[in-house]
Amino acid sequence: MRYDVAIVGGGVVGCALAYALTRYQLNTLLIEKACDVGFGTSKANSGVIHGGHHSRAGTLRGDLEWAGNRQWLLLCRDLGIGFRQVGELMLALSDADVPVLEEYKRQGDARGVPGLTLWDRQQVRDDTPSITEDMVAALYAPTTAVINPYEACFALFDHARANGLRVALDHAVTGIAAVQDSWVVQTQGGDFEADFVLNAAGLYADEVAAMAGVGTFDIHPRKGEELLLDKRLEGIVRHIIFPCPTPISKGILVIPTLDGTIMIGPSAQEVTAKDEVTTTMEGGSEVFAGAQRLVPGIQMRDCIAEFAGLRAIADGDDFIIGTTVAHGFVNVAGIQSPGLTAAPAIAERVCAILRDEGLALRPKTTFVSLPAVRARFAGLTTEEQARLSAQDARYSHIICRCEGISEREIIDAIRAGGNTLDGIKFRTRAGMGRCQGAFCAWRCMALLAQERQTPLHTLTKRGGGSWLVCARPEEPS
Amino acid sequence: MISDKPHHLRQQYDVVVTGAGPAGMAAAIGASEAGAAHVLIIDREREAGGILQQCIHQGFGMHHFGEELTGPEYAQRFLAQVEAHGIDIITDTFVDVARSDKTLKLMSAHEGVRVISAGAVVLATGARERTRGAIRLPGTRPSGIYTAGVAQRFVNMLGCLPGTRAVILGSGDIGLIMARRLALEGVEVVGVYEIMPHPNGLNRNIVHCLHDFDIPLHLSTTVVEVHGRDRLESVTVAPVDDQRVPIMAQAAQIPCDTLLLAIGLIPERELADGLRLRMDTVTGGPLVSSTMETSQDGIYACGNGVHIHDLVDFVTQESLLAGHSAGDSLFGRRPPVDNVRMIPGENVVSCVPHTISTDREHTVYLRVRRALDKCAIRFGEIYEKKLRYVFPAETVTVRLTPRFLARFPGGALRIDILPRQGARGDEEAA
Ligand SMILES: Cc1cc2nc3c(=O)[nH]c(=O)nc-3n(C[C@H](O)[C@H](O)[C@H](O)COP(=O)(O)OP(=O)(O)OC[C@H]3O[C@@H](n4cnc5c(N)ncnc54)[C@H](O)[C@@H]3O)c2cc1C
Ligand SMILES: Cc1cc2nc3c(=O)[nH]c(=O)nc-3n(C[C@H](O)[C@H](O)[C@H](O)COP(=O)(O)OP(=O)(O)OC[C@H]3O[C@@H](n4cnc5c(N)ncnc54)[C@H](O)[C@@H]3O)c2cc1C
Numbered sequence: 001m002r003y004d005v006a007i008v009g010g011g012v013v014g015c016a017l018a019y020a021l022t023r024y025q026l027n028t029l030l031i032e033k034a035c036d037v038g039f040g041t042s043k044a045n046s047g048v049i050h051g052g053h054h055s056r057a058g059t060l061r062g063d064l065e066w067a068g069n070r071q072w073l074l075l076c077r078d079l080g081i082g083f084r085q086v087g088e089l090m091l092a093l094s095d096a097d098v099p100v101l102e103e104y105k106r107q108g109d110a111r112g113v114p115g116l117t118l119w120d121r122q123q124v125r126d127d128t129p130s131i132t133e134d135m136v137a138a139l140y141a142p143t144t145a146v147i148n149p150y151e152a153c154f155a156l157f158d159h160a161r162a163n164g165l166r167v168a169l170d171h172a173v174t175g176i177a178a179v180q181d182s183w184v185v186q187t188q189g190g191d192f193e194a195d196f197v198l199n200a201a202g203l204y205a206d207e208v209a210a211m212a213g214v215g216t217f218d219i220h221p222r223k224g225e226e227l228l229l230d231k232r233l234e235g236i237v238r239h240i241i242f243p244c245p246t247p248i249s250k251g252i253l254v255i256p257t258l259d260g261t262i263m264i265g266p267s268a269q270e271v272t273a274k275d276e277v278t279t280t281m282e283g284g285s286e287v288f289a290g291a292q293r294l295v296p297g298i299q300m301r302d303c304i305a306e307f308a309g310l311r312a313i314a315d316g317d318d319f320i321i322g323t324t325v326a327h328g329f330v331n332v333a334g335i336q337s338p339g340l341t342a343a344p345a346i347a348e349r350v351c352a353i354l355r356d357e358g359l360a361l362r363p364k365t366t367f368v369s370l371p372a373v374r375a376r377f378a379g380l381t382t383e384e385q386a387r388l389s390a391q392d393a394r395y396s397h398i399i400c401r402c403e404g405i406s407e408r409e410i411i412d413a414i415r416a417g418g419n420t421l422d423g424i425k426f427r428t429r430a431g432m433g434r435c436q437g438a439f440c441a442w443r444c445m446a447l448l449a450q451e452r453q454t455p456l457h458t459l460t461k462r463g464g465g466s467w468l469v470c471a472r473p474e475e476p477s
Numbered sequence: 001m002i003s004d005k006p007h008h009l010r011q012q013y014d015v016v017v018t019g020a021g022p023a024g025m026a027a028a029i030g031a032s033e034a035g036a037a038h039v040l041i042i043d044r045e046r047e048a049g050g051i052l053q054q055c056i057h058q059g060f061g062m063h064h065f066g067e068e069l070t071g072p073e074y075a076q077r078f079l080a081q082v083e084a085h086g087i088d089i090i091t092d093t094f095v096d097v098a099r100s101d102k103t104l105k106l107m108s109a110h111e112g113v114r115v116i117s118a119g120a121v122v123l124a125t126g127a128r129e130r131t132r133g134a135i136r137l138p139g140t141r142p143s144g145i146y147t148a149g150v151a152q153r154f155v156n157m158l159g160c161l162p163g164t165r166a167v168i169l170g171s172g173d174i175g176l177i178m179a180r181r182l183a184l185e186g187v188e189v190v191g192v193y194e195i196m197p198h199p200n201g202l203n204r205n206i207v208h209c210l211h212d213f214d215i216p217l218h219l220s221t222t223v224v225e226v227h228g229r230d231r232l233e234s235v236t237v238a239p240v241d242d243q244r245v246p247i248m249a250q251a252a253q254i255p256c257d258t259l260l261l262a263i264g265l266i267p268e269r270e271l272a273d274g275l276r277l278r279m280d281t282v283t284g285g286p287l288v289s290s291t292m293e294t295s296q297d298g299i300y301a302c303g304n305g306v307h308i309h310d311l312v313d314f315v316t317q318e319s320l321l322a323g324h325s326a327g328d329s330l331f332g333r334r335p336p337v338d339n340v341r342m343i344p345g346e347n348v349v350s351c352v353p354h355t356i357s358t359d360r361e362h363t364v365y366l367r368v369r370r371a372l373d374k375c376a377i378r379f380g381e382i383y384e385k386k387l388r389y390v391f392p393a394e395t396v397t398v399r400l401t402p403r404f405l406a407r408f409p410g411g412a413l414r415i416d417i418l419p420r421q422g423a424r425g426d427e428e429a430a
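Same order as they appear, the protein sequences are chains A and B. Just so we're aligned, residue 1 is where the first sequence starts under my numbering, counting upward by one. Just so we're aligned, residue 1 is where the second sequence starts under my numbering, counting upward by one.
Next up, chain A with everything else stripped away, as it sits in the complex (with noise of 0.2 Å):
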């Protein structure tokens, strides 16, 4: 089958664009090296939605942020998944920050952003009382908000799949070579033929890009480290709270997520190996301080997970959006910061190029459009809970007793395509909680051999070498 497109990446942006090009009449592929999609940086960042003020003008940084989060209000509705408006604050804690502020106002205000106020001492300790004494002064961003990053991965990827995206899972992509006027893509799991192939492979890219002969950029990780911190700091901020920004750094935030925990992060520290995704001791210690910068009644020991990401930076700093002297092959490149943001922005913007590149875009007449994510049992009330626990009794059986999550839950996340113990984790928050999955580990195994009639010596964490357990020695009889 020759496709006409070929997406290599299944991060954020590689899922907002199958999603945007499955509303085509068009074949397209998606090709992943990971076992699932969002497994990449995708799913290790701060979920946060920007205002549409932070970054600078004249920057396609800058244009898609503000353009993504207007996208993500309707995208996140039409997805069936949470979305949190929570708004910003981005705190002067001295005099000599309040001009920065009034310089990110303007900046908003120019190209269009609401809401944005600056607020005195008074009203920022009114609102949020347990923000550092030292604040002098706020700039508050309304439009500011949270999703879960990796929700939105699985949403798009299973609307774009339910919508004929064809899917290459636990194939990396090896080889990219011009055939006449088509591309072959090569992964050690057999060629894929494509007239387009879009790069979205993240930090990667740079390699992607000079397989298909037009490496001329370098990507360079950035390890940024997050902590996750216990609910019982639930509600100690509302909105996200945000140091004055410096010219290289958005600083350590603190951020309500969308299930009601804190997240503290991210660090921000140039590191040489694209996988060096390792936590530290010094990196949780600067978020600590950096947090506690901010809310002083953050602490350290209500730490329950640290992970860290690697932004993908390319040269120049900016998204690397466009066509290439390869006819046909397209970066999608260099999408750090905000890159969650900007992704739907960024596929629209895609399509846009190809085209003008000379593929036709024809709307489908139909486009499937999946059952909102049904709402957490969890978070129901007691009647439609009970309502549906006489539908089926395995809503009542509780397997992740922090999240409250649900046995028929789970089935439903590994039925949606949840292969791995991160991949049920990810869909359903089984394992998030505070215990981490002490309680709920082996159980979602259980039922993740049971589904898939597989021993659980077979599963893996993540995929590849992640296994989990392995069987015990032959009694000797």
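FYI, nobody ran anything at the bench for these hints, they're computed from the structure. The C-beta atom is built at its ideal place from N, Cα and C for all residues, glycine as well. Heads up, a few of these hints could be off.
Claimed, not checked - For the chain B half of the interface with chain A, some residues (derived, Cβ under 7 Å), not all of them: (1) Ile135; (2) Pro138; (3) Arg153.
To be verified - If you want the footprint, here are the derived chain B segments under chain A, 3+ residues with CB under 8 Å: (4) 17–24; (5) 156–163.
Once you've looked at the hints, dock chain B with the ligands against the given chain A.
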């Protein structure tokens, strides 16, 4: 009646106990003895017994039964008493929320979603294990890092092994017992690492779990980093100085595919949080009075859900009291309100219960900050007692009688544990 099958659950109980560990079973028996006619115990696990089901070693019940039992044997004795008292037990059922009006929302595959109400509630929810996040262990995030309890579940419930070559962090009883268990199952146990200069488990367990299996114990040593992208490949261990700071110059990398964390327990607090009970930030459990009543009327708590116990016998003792009090409260039998607040002072980190009364005898449980030999515990000006030693991993248990308490007018009573200097009273081990 014990059941995981649909059966006739009452809508209204005199006392509902959440948790069927030793605490929950003792509390239910206590309530029944106090006259409560309808008592229900609920547990989310398949079997009653709580953590005891996992402790197949000897060492339970020396105080209570005067003989050494295994965990399941100890649980079995209580289960028999529970049955003899006609107490209902329902397992495989999750208590989702408990409310101040003493209604509880239950969920299970067999009962669906139900709300029942009680005259009094006892929280006996036990403890959960501390995880990697709690100690902020740096490195990658591979598979193969499990708490000891999870590894135990793999072996017991799934019939498989957590890995082939394991390092164990933490020398509490849980770590020691898992070291032996894995060794018996054919897993290579490289060693047990303990950040403190002394082991945290019972001496008996050191001998039976480590020495008998030639498993080395490394004191004043900790795991400082984990390595491996997909599966754990190795850990870096390093000795620590007396401030518990790792000495990286002496660090070593140890190949292993499994790291078991046995780094302590903390009270399970979901239900207490939902009730907005007042909590002790040190123990992590709710504040309790001398009758084990929490900050809310008719809501009692006991066992590891209040503070971590070393010995199950004390869990039983404390929980019988909680159950008796809950039962008594139904009949309006309430002792005088506590008139003494316990204030942890020098070298005391926590004290349970948090208040007592001068008219009765009380058993109080304390934890210390640092080890001391030949010391004395002082309760304000009223009572002083010699202790041979105190030790952070061991609870100090003291009985306070009205003979001394009668001297106290009431109010804040400060507790100090100090090096000994002319102490009065009888010498006794901690
Ligand atoms: C710590 C941190 C915090 C952040 N916070 C925010 C935020 O709050 N808001 C925001 O808007 N942005 C944020 N970002 C940025 C955002 O996460 C990224 O811009 C976004 O996730 C990039 O998505 P992507 O799809 O380009 O990359 P990825 O998610 O990395 O996807 C690329 C995919 O390509 C696959 N791939 C690579 N090579 C190959 C190959 N050869 N063959 C097949 N597949 C291949 C990879 O496996 C991967 O799945 C943050 C980033 C970090 C690191
Ligand atoms: C490895 C190990 C070795 C030990 N060795 C000894 C020893 O040698 N000698 C000795 O005397 N003591 C020993 N102890 C201590 C003793 O076992 C514990 O102190 C005791 O089991 C605590 O009892 P508990 O009932 O408070 O908690 P648990 O036994 O943990 O029981 C709590 C129960 O509550 C249930 N529960 C919690 N929340 C809910 C909810 N929301 N809904 C429904 N059910 C819920 C749980 O499923 C659990 O079954 C040991 C402990 C451990 C961990």
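Hint check results:
The beta carbon of Ile135 (chain B) comes no nearer than 9 Å to any beta carbon in chain A, farther than 7 Å, and the hint placing it at the interface is violated. Hint on Pro138 (chain B) holds. Least Cβ distance to chain A is approximately 5 Å, under the 7 Å limit. Hint on Arg153 (chain B) holds. Least Cβ distance to chain A is approximately 4 Å, under the 7 Å limit. Only residues whose C-beta sits within less than 8 Å of a C-beta in chain A count toward coverage, and the region 17–24 of chain B has 0 of them, not enough to reach three; the restraint is violated.
Here the region 156–163 of chain B counts 7 residues with a CB under 8 Å from a CB of chain A, which clears the bar of 3, and the coverage holds.
In the structure shown, a violation is registered for the earlier hints numbered 1, 4, in ascending order.
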